[in-house]
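Got chain D sorted already, so can you dock chain Y onto it with the hints?
So the sequences go chain by chain: D and Y.
Residues in the first sequence are numbered from 32 upward in steps of one, following our numbering.
Residues in the second sequence are numbered from 42 upward in steps of one, following our numbering.
Just so you know, not all the hints are guaranteed correct.
Said to hold, decoys possible - To give an idea of the chain Y side of the interface with chain D (calculated C-beta under 8 Å), a few residues:
#1 Glu84
#2 Pro85
#3 Leu88
Just so you know, the hints here were simulated from the structure itself, not pulled from any lab data.
All C-beta atoms, glycine included, are put in the ideal place defined by N, C-alpha and C.
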Amino acid sequence: EAGVTQSPTHLIKTRGQQATLRCSPISGHTSVYWYQQALGLGLQFLLWYDEGEERNRGNFPPRFSGRQFPNYSSELNVNALELEDSALYLCASSSGQPRTDTQYFGPGTRLTVL
Amino acid sequence: RKEVEQDPGPFNVPEGATVAFNCTYSNSASQSFFWYRQDCRKEPKLLMSVYSSGNEDGRFTAQLNRASQYISLLIRDSKLSDSATYLCVVNTGGGGADGLTFGKGTHLIIQP
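Only chain D is shown next, with the shape it has when bound in the complex (with noise of 0.2 Å):
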């Protein structure tokens, strides 16, 4: 079975610029969760999507943002690029039941902005 899949690998960017990271969970999950995580830290909640909805957000501004489509894969935008975005993106997915499951995370995009 697939696990999850993130595009690109790699990204560069400059300040100003806006960047598109893309998710795919494992097959039969309905729920994808974003998280950043910048050089030294831990992981920070980005974006949490279920059915096709955004159900919570974490403490970043809305020049994050993203959606999830009907196959249930994810995008996340990031506008105005600040040289603080640099950081590897994780995207997770699992089947949707956030009380008890478990959430599987992608390989990541690094993310990085001169």
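For chain Y alone, coordinates are given in the frame of chain D:
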């Protein structure tokens, strides 16, 4: 107080030794608990869930103390391949910012 706290280490341990990590959490409503392992520049991978009665998976034993709000991970007969960062993860059931919360991780180095 941070929601999930871990000793960042690094823990330098000789191969074959037993090593234990602790993790404390602040939200008493937390419902499920996990240990993830993260290798350098890789994604976190589930190591094991942590159950109230404690659970074992091979060389790994996890325990939960709800009264004191801490979780532990014990690794016996450590291998070089156990070198990684171990993330304590707590789920309060909200699915989001108040759901899955990650500690910053404990860095383990197994030395030959």
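How the hints compare with the structure:
{"no.": "1", "hint": "Glu84", "in the structure": "4 Å, holds"}
{"no.": "2", "hint": "Pro85", "in the structure": "5 Å, holds"}
{"no.": "3", "hint": "Leu88", "in the structure": "11 Å, violated"}
Comparing the model with each numbered hint stated earlier shows that hint 3 is the single one that does not hold.
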